[in-house]
Amino acid sequence: MASSLSKKKKAFMGMPAPLGYVPGLGRGATGFTTRSDIGPARESGDIPDERHAPPPKKKEETEQEQEDDDDLNDANYDEEFGYGGSLFKNDPYEKDDEEADAIYEAIDKRQDEKRKDRRERLFKEEVEKYRQERPKIQQQFSDLKRKLTDVSYDEWMSIPEVGDARNKKQRNPRADKLTPIPDSILAKTALSNQETTVLDSVGGLSSTMAGMATPDIDMKKIGQARNTLMDMKLTQVSDSVSGQTVVDPKGYLTDLQSMLPNYGGDINDIKKARLLLKSVRETNPNHPPAWIASARLEEVVGKMQAARNLIMKGTEQCPKSEDVWLEAARLLPVDISRGIVAQAVKQLPNSVKLWIKAADLESELKAKKKVFRKALENIPNSVKLWKAAIELEDEEDARIMLSRAVECCTQSVELWLALARLETYENARKVLNKARENIPTDRQIWIMAAKLEEANGNLNMVDKIIDRAIKSLEANRVDINRDQWLTDAIECDKNGNVKTCQAIIRNVIGLEVDAEDEMETWTEDAENCTQQNAFECARAIYAHALSVRPSHTDMWLAAAFFEKNHGNRESLETLLQKAVAHCPKCEVLWLMAAKSRWLAGDVQGARGILAQAFGANPNSEEIWLAAVKLESENKEYDRARKLLAKACQSAPTGRVFMKSAKLEWQLNEVNKALEIVNKGLEGFANYEKLWMMKGQLYEVQLMFDQAREAYQEGVRKCSNSIPLWVLYANLEIRQGQVIRARSILEKARSRNPQNPELWLHSIRLEANSDNKPIAFNLMARAMQECPKSGILWAEAIFLEPKPQRKTKSIDALKECEGDVNVLLAVSKLFWSERKIQKAREWFNRTVKLNSDLGDAWAYYYKFEKMHGTEEQQNDVKQKCAQAEPRHGEEWTKISKDIQNWKLKTEEILLKCANIIQIPI
Amino acid sequence: MSYMLPHLFNGWQVDQAILSEEDKVVVIRFGHDWDPACMKMDEVLYKVAEKVKNFAAIYLVDISEVPDFNKMYELYDPCTVMFFYRNKHIMIDLGTGNNNKINWPLDDTQEFIDIVETVYRGARKGRGLVISPKDYSTKYRY
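Protein chains in written order, with full-length UniProt numbering: chain A, 1 to 920; chain B, 1 to 142.
Treat the hints as calculated values from the structure; they're not laboratory data.
C-beta atoms are modelled at their ideal positions from N, C-alpha and C, and glycine is treated no differently.
Any given hint could be a false lead.
With a Cα cut of at most 20 Å, we get these calculated SDA-like pairs of lysine to any residue [stated by the list, open to error]:
1. A:Lys893 / A:Asn874
2. B:Lys71 / A:Gly20
3. A:Lys434 / B:Tyr46
4. A:Lys9 / B:Met4
5. A:Lys10 / B:Met4
6. A:Lys893 / A:Asp875
7. A:Lys9 / B:Lys71
8. B:Lys88 / A:Arg330
Coverage of chain B stretches by chain A, computed from C-beta distances (three or more under 8 Å per stretch; other residues unrestricted) [as the list claims (entries may be wrong)]:
9. 35 to 44
10. 86 to 98
11. 101 to 107
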C-alpha cells in the first residue's frame, strides 16, 4: 500500500501552509454546532452558515488543460495569492525559493509600513464621510432621546394607549369554529382507500398497507354496529311485551355481551351476502331457500325483526313451501307462530312436519291431542303422526287408537307390536296373527309372538313359532340374515326371554355355515355373545354345537372354560361330566372336573373322578400327578406314595420320578429320595431335574464330593441345562473354590452361547470376589453377546458406581423398555436415592407389567414396610396373593426351598422380603 | 498501524487533501496516533485502505498538531472520522444522534467499508446526508 501511495504522491504532502492561510475557511468550509455545551463551533467572524455551499462550478476545461484540475478551483482562490497552486507547485521547494520568498515578504512588509499612515487616515475619513451621509437612526433621534430624562414615571405611565383603528370585525375575530367531519366524507375516503388497495392487489402489488390504514376508523361500520345493538335491545324489549322475558337490569350488560353478534366474519361479508341474497330473492321470488337463507342471515346478525319480516314475505311468496312455513314458525314468537302454523296447515294440509310443529306449539295436552286428531283426519296413513298422537294418550285410549292405526297403516311393524304389547294375551295373539297376515316378511312379529308365548308359559310353543317363522319367511322369499337373528337372540337374552333366545339359536345357528368351518364360526359366535354379556346365548350356541359334534374336544374345552368363567359350579360339573363321557381321552377335561370337585371341598368326589380318569387313561402322567397332588395336599402321604409307586410302574417318566423323590424329600426321607432319584436316572439320564435333585440331596447331607460328582455327571449328560450349571458353580463357590467355579461357568458359556443368565452369574462371581475391573470387562462382553437382556442391564445398573447409575438406567430403559427386571432395577435405584414417591410409582409399574415376578413383589413389600403406611403394605400383600407370582431369583430361593413347600404366597412374600437387601 | 497511513501536518494540507480528490471520498481521522481509541480505528483504516482505494482516500490528522479544525468540527473526542466528497462534508445518520462524524473507534472492517461505500454512493448522487447501513444507536447495545 505504501508503494501505491508513493506512486501517486499528492503535491501537497509535506508542504507547509501558505502564509496567513486560514484552514477550513480557505476552502469555504463551515463548521457545525451540535455540542455547544463543550465549546463553540463557530466564531463570530466566521462566514454565515450556509451549511454546505453548492459544489463550485468547474471552469471550462480548455483553460486549464495543462494544469491540475483543482488548481484553478474557485475555492482555491485567495485574494492575496490568486489561485492556490503556483506554476511551480510541483517542483521541490528549495533553499533559494525560500530566500526569495523571504525577500518578497520583506518588501511587502516595507511597502505596507510605508503607506500605512496614509491608508489608515484615508479609511477613517471615508467612514466619517459615509456616516455623515447616512447617519444611524439612533443618532438621528439622539437629541430627542436626551429629553426623555425629564419625563417622570407618572408622566410615562399616563401616556395614553394607541387606539385600535381596525373595524369591529377585525378587532374582535370570532373564535375558530370546529365542526366534525361528516361520516359520509370519512366513509368516502375509506371507500376510496379500499379501491386503491384493490387496484394495488390487481396490479400485483401486495396490499400491505392494511395496518397503516388503521388510523382512519371506519365510522360507518361503527355506526352500523351501534344500530345493530340498538335493534337487538329493542327486539329484546319487544319480546318482553309478550310477558315472557323481563329485562333484568343487573344482567342486562352481560346479556348484551352474549347477544353481541356472534358471527366471526366481517360486516362487509354480511353486507355482501345480504346483497347477494337480495338479488336471488328478486330474480326468483318463488325459490323458498332464498327466503330462508335471507332470514337466517338476519337472525345471525341479530336483526330479529328484519328476519321475521323477510320470512313473512317469504310465506306470502311461496305459500306451498313447507320449509318456509317451518322457518317462520321458528323465528316468530310463540303466540304469533301458532297463527302462522294454522295458516300453513291450511295451505298444506298434507304436511306431517307442519302438523307436528303445530302440536309442539300447543302448550296444553288437550290442545295437542286436538291438533293431532285433526292432523290424522287429514293424513290418516302417517305412521309418524300416529306414533306422536298415541304417545300422548293413556293406555286405554292408546289401545283404541292403535287398533285404528294398524288399520290405517297396515305395513307398520312398530304399530302392530305396540298394539300387541298393550293387548291381553288372547287379543295379542290375534293381533299378531293379523299383523303376520299383513306383513308376512318381518321377523320381529314372529319373535314377538315367541316372546309372548314364553311369557305366558307356553314353552313348547316357542320353538314351534320360531321354526314356523323361518319356514314362512323363507316361503315369502325373505333372506334369512344370520347376524340379524343372532342380534335378536342377544336382545331376547338381555330382556330375559331365555327360551326364545335358545329357540332362535337352535334354529338359526346352523344356517349359512359350511360344514367345514362351522365349529370355528360357532366358537366365534359364542365368544361374541360372551363379550356382549349374553351368556344364555353363548350357552345355547355351545349346547347346539356339542349336540352336533359331541366328540369335538376343543368345543368341550371352550364350553367348559365358558362355564368356569360365567356359570356356576353345578352347570360346570354337569357339562364336564357330559364332556368326559364324550371325550374320555381328554385329560384336561378330567383334571378340570376333579379340580372343580376338589375346590368345592368334595375330596372324595374328586378322587372318584380321578379314578375314572385312570380307567380311561391309564398311562397319563398328568392324571397320576394330579392324583398325587390331591393326596399330598390333603396330607394323605401314604396314599400319595402308593400312587406314585404305581405311577412309576405304569407311567414311568422322569417327572414322575422327580415328583416321588420330592415327596420323600419333603417328608424328610432323604435316603429314600436319593434311592428313587438314582432309580429314575437309570431310565431317564437326560432329565436334568433329576440330576439337580441328586446334587441337592447330597448337598443337604453335606456330602459335597458326591454332590460334585452328581453335578459333573449331570452337566455331561445335559449340557444345555443352565440351572444345573449354575448349581454346580454355586456349589464350588460355597466350597470356596472360586477358580473352579469360574472355569465351570466359562465352560457353560462356551457350551451355551448367548445365555444372559450364565453371564450374570460369572459377573456376580467376579463382583463378589472383589474383582471389579474383571466384572466390568465381563459385563461389556456380556452386553455385546446379549444386548437386549433385561437381567444383564439390571445388574449393570447396580454394578456402576453411584453417580453413573442414572445414566446407565436411562440406557437400559432405552434398550429394553418393556423388561421387568430393568424396571425393577430402576425402582430400586429410586429407592436407594430415597425418592419415595417415584420409587413407588415405578414399583407399581413393574408389578403391573409382569405380576409373575416375585422379586418385584418382595422388594415392593419391603419398600412399603419401610416407607409406606399399613394400608399400602396390606394392599401390596393382597395384590401379590392375587397375582401368585412364581418367578424371580430371590423368590424361587424361598418358594423352591423344600422346607417351605407348604407355604402360601403371602408367607413366601414375607420371608422373601426379609432376606432381600435394601438397595444402596 | 498509523505509520502505514498518510498523515496531514497542517491545516492547509488538510484542505488540500479534501480539495484534491475529484471522484473519491476523503476519509479523515482526527485524533492522536498514541491514543488507544485511535489505534483501534487506525487498525481498521489500514486494513480497509487498500480495499477502498478506488473510491476513498484515507488521511490521519493529529489534532494537537493541527488544532485548526477542533472548534469548527467539534473535535472533542479521542477519535473522530469524517467524510468529505468534493469539498463537501458528507453527513451520515448512524443512529447515534450525531450525524456529522463517527466519533468512536469502529472495530469491524466490513462495517467500515460498508459505511464508506454508502457515503460514496450517496455523495455521488449529490446527497449531503446518507444513512448508515447499520444502526449504531445505543439501544441495540443495552
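Now the hints, each set against the structure:
no. : hint                : verdict
1   : A:Lys893 / A:Asn874 : violated, 23 Å
2   : B:Lys71 / A:Gly20   : holds, 18 Å
3   : A:Lys434 / B:Tyr46  : violated, 115 Å
4   : A:Lys9 / B:Met4     : holds, 14 Å
5   : A:Lys10 / B:Met4    : holds, 16 Å
6   : A:Lys893 / A:Asp875 : violated, 24 Å
7   : A:Lys9 / B:Lys71    : violated, 29 Å
8   : B:Lys88 / A:Arg330  : violated, 82 Å
9   : 35 to 44            : violated (count 0)
10  : 86 to 98            : holds (count 5)
11  : 101 to 107          : violated (count 0)
The structure shown violates the earlier hints numbered 1, 3, 6, 7, 8, 9, 11.
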